[in-house]
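Protein chains in written order, with my numbering: chain A, 1 to 668; chain B, 1 to 76.
Hint data in this document are derived by calculation from the structure and do not stem from the laboratory. Please note that a few of the clues may not be correct.
[Said to hold, decoys possible] Cβ pair distances, simulated, as ranges:
#1 Ala6(B) x Leu650(A): 44 to 52 Å
#2 Glu14(B) x Phe481(A): 54 to 62 Å
#3 Met1(B) x Ser230(A): 52 to 60 Å
#4 Pro452(A) x Gly23(B): 29 to 37 Å
#5 Glu8(B) x Leu243(A): 41 to 49 Å
#6 Ser230(A) x Ala6(B): 53 to 61 Å
#7 Ala6(B) x Gly261(A): 15 to 23 Å
#8 Pro314(A) x Ala6(B): 50 to 58 Å
#9 Asp129(A) x Ala6(B): 49 to 57 Å
#10 Gly23(B) x Lys254(A): 13 to 21 Å
#11 Met1(B) x Leu650(A): 15 to 23 Å
#12 Val659(A) x Glu8(B): 33 to 41 Å
Bear in mind that the values here come from a model prediction, so they are computed numbers and not experimental data. Yeah, the Cβ is synthetic: ideal placement off N, Cα and C, and Gly gets one too.
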Amino acid sequence: MAEITICLGGNPNAGKTTVFNKLTGAHQKVGNWPGVTVEKKEGEYTYLGKTIRVVDLPGTYSLTSYSLDERIASDFLVKEHPDVTVVIVDASNLESNLYLAIELLELGANLVIDLNMMDVVRHKKWQLDVEKLSKTLGVPVIPTVAKKAEGLETLRQTILAARDHQPEPLKINYGLEVEEALSALTDLIKRSKDSSLYAPNRWLALKLLENNTQIKEWVRTLPKGEQIISKSEDLATALNDRLGRDVEAFVIEKRFGFISGLVRKCCRKPLGPEERISISDKIDQLVLNRWLGIPIFLVFMWFTFKLVFDLGNPLADYIDTGFSWLGGQTTALLGKNWFSSLLSEGIIGGVGSVLVFLPNILILFLMIGILEDCGYMSRAAFVMDRFMQRLGLHGKSSIPMILGFGCNIPAIMACRTLESPKDRILTILINPFMSCSARLPIYVLFAGAFFPRQSGAVIFSLYILGMVMAILTALLFNKLFFKGESSPLIMELPPYRLPTVKNIVMHMWHRASVFIKNAGTIILAGVIIIWLLASMPVGVEYASEQSWIGQIGKIFAPLFAPAGFGFWQAAVALMFGIVAKEVVVGTLGTLLAGGEEGLSEVLPQFFNGLAALSFMVMSLLYIPCIATIGVIRSETNSWKWTGLAVGWSLLVGWLSAVVLYQLGQLFA
Amino acid sequence: MCPLCAVENGRIVEVMDIRGGRGMAGRLAVMGIFPGSRLRMIQNGRPGPVMVALDEKRFGIGYGMAHRIFVRPVTE
Chain A
1 MAEITICLGG NPNAGKTTVF NKLTGAHQKV GNWPGVTVEK KEGEYTYLGK TIRVVDLPGT
61 YSLTSYSLDE RIASDFLVKE HPDVTVVIVD ASNLESNLYL AIELLELGAN LVIDLNMMDV
121 VRHKKWQLDV EKLSKTLGVP VIPTVAKKAE GLETLRQTIL AARDHQPEPL KINYGLEVEE
181 ALSALTDLIK RSKDSSLYAP NRWLALKLLE NNTQIKEWVR TLPKGEQIIS KSEDLATALN
241 DRLGRDVEAF VIEKRFGFIS GLVRKCCRKP LGPEERISIS DKIDQLVLNR WLGIPIFLVF
301 MWFTFKLVFD LGNPLADYID TGFSWLGGQT TALLGKNWFS SLLSEGIIGG VGSVLVFLPN
361 ILILFLMIGI LEDCGYMSRA AFVMDRFMQR LGLHGKSSIP MILGFGCNIP AIMACRTLES
421 PKDRILTILI NPFMSCSARL PIYVLFAGAF FPRQSGAVIF SLYILGMVMA ILTALLFNKL
481 FFKGESSPLI MELPPYRLPT VKNIVMHMWH RASVFIKNAG TIILAGVIII WLLASMPVGV
541 EYASEQSWIG QIGKIFAPLF APAGFGFWQA AVALMFGIVA KEVVVGTLGT LLAGGEEGLS
601 EVLPQFFNGL AALSFMVMSL LYIPCIATIG VIRSETNSWK WTGLAVGWSL LVGWLSAVVL
661 YQLGQLFA
Chain B
1 MCPLCAVENG RIVEVMDIRG GRGMAGRLAV MGIFPGSRLR MIQNGRPGPV MVALDEKRFG
61 IGYGMAHRIF VRPVTE
């Protein structure tokens, strides 16, 4: 049981992750914040015999409610009320970083300010009076260089000593007009507040004037809450008129005014050529160039892609071989019966089908970690933003879409970097249409057997078809479900820097373990269900016509007749394809030719050229594999969206196959 | 006065007005971009997003947003 709970807050790129890692070392766990799929990191450390639990808040600029991250942070601060709040401030960007600290002080949080990146300040020869800063704000201020662990011992000491502090909430004078409104509103709140909201009345009043939707929701639950809200809205409207502008922006600027006064008192910067172009800027003039930006992005993506699959696939093959060997040994050991079949085909095969993705996923997260850590990831979003905005998506959506060509599972997990839930869900939903590498064996088999001369062109057009479907789906879903809520790009582009091995490896491991836990259970369950269907009733040959899955195949077969492949083996193969799309080839082999060898000679007895084409289209578009469904479920945290992804892809796949076959027959 | 997206690379400008919804002005303001802030254009990707410097920080701002931020050139 932790004795003290502290939380870490700070702007993105202030060095929060480094401080968190240095404080807690390896004692970390990653989960999700309740109800949302934003990563929640927690850790622990012991100092002077006391156990200290550290909660890492998402990186934010403020406590407003513009993004999910900000909502999570203020939710935690106000409702859970941590013993100590440590805010990490990038000392080399003092003005903008102090904003969050000031908001926290207004909230009355028991604050410790970690003035990080002091090495940069020293390098620039700024004179920073830490003591004066601390005295003026009334809270401890600790200078650190987190990446060199400098000052962290003092930080630990200060955190422990600060636990019983109860600082007075900071009061900034917002000028006569706002102050009048504030005191009227504060009185009203004072009279109806209960103990559920651990925040000063003045702060709540201020947030209401700032039109903070989240605080409004909370206040609404108070007795007379509605009355308070309507009063605050009247006051805000009156203020907008009197000030001649938005009270929200007015208040923010007043805070910055307070900060710049503070910084002028405590920090002296030598005069010099301030506006010089840094190396980082020079790189950006190339990387973000109007013409070169996109080609450079594509090269980076291609390189990532190559590494993930060239390095990952052989490893995946080893795991695959290992598990089939294990399955074979089990059958040999126990003889051929239902139990050994459950063990080898169901459980061992199921675990194998989860772990087989692990090498690709690890390498992918490694690459993403490197690109994120060195600062390129935000540039990629920048470069692609214009094109993606047209599809109703965000610049950051482009990365998962390209990764989808390799494997949809890590691609969908990469959607976590998207902040707005709308962008994230939409990017996830269209991802299965990006033709993953598991579908390639199907194309190779059919295109080779039926269109040997044009096989390259056929396969290429399938990839294009997938992309077109993804784009059309994005446009359609955007209209249907999201009513065009656009999230404009506004993001900080951190300076380029060398990534640290420790950060990347930890990040990679945390993300991969979440995959194994969440997606793993669903994949395993799905695999076992398919196994059960293929081996029931008892005594039947695995996946034969008499098995349940064969029976189901027979039921579904007529459905595929309009697409040109209305026989039960094709239906069964497609059903097995749900486990993993590459299984389609193996299943067809077993059912049509008694093995994969010689399959391409047998195929023309069942398919004509047109039917082969529509079968490939179906394989491309219909239902994502179980693993993908599992990841969609765990990443969207919703069966509704998962159901939509499955249903929509089935419909699109079937319709496209049928339309293609019917039109083809018309013209042939 | 002209929109931010019309500023050439290397120019220093002062923000005069932000003509967007409440949310937009607020989002920019908490990052330090509001009337009176000085920005330097690093890379104008028109008709794509622009990259600007605010003191030591660098921001990418989408085109749609950049043409609603009105600025005037600062001569030094």
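Hints versus structure:
no., hint, in the structure
1, Ala6(B) x Leu650(A): 44 to 52 Å, "holds, 48 Å"
2, Glu14(B) x Phe481(A): 54 to 62 Å, "violated, 41 Å"
3, Met1(B) x Ser230(A): 52 to 60 Å, "violated, 37 Å"
4, Pro452(A) x Gly23(B): 29 to 37 Å, "violated, 58 Å"
5, Glu8(B) x Leu243(A): 41 to 49 Å, "violated, 34 Å"
6, Ser230(A) x Ala6(B): 53 to 61 Å, "violated, 42 Å"
7, Ala6(B) x Gly261(A): 15 to 23 Å, "violated, 33 Å"
8, Pro314(A) x Ala6(B): 50 to 58 Å, "holds, 52 Å"
9, Asp129(A) x Ala6(B): 49 to 57 Å, "violated, 41 Å"
10, Gly23(B) x Lys254(A): 13 to 21 Å, "holds, 19 Å"
11, Met1(B) x Leu650(A): 15 to 23 Å, "violated, 54 Å"
12, Val659(A) x Glu8(B): 33 to 41 Å, "violated, 51 Å"
In this structure, the earlier hints numbered 2, 3, 4, 5, 6, 7, 9, 11 and 12 are contradicted, and the remaining ones agree with it.
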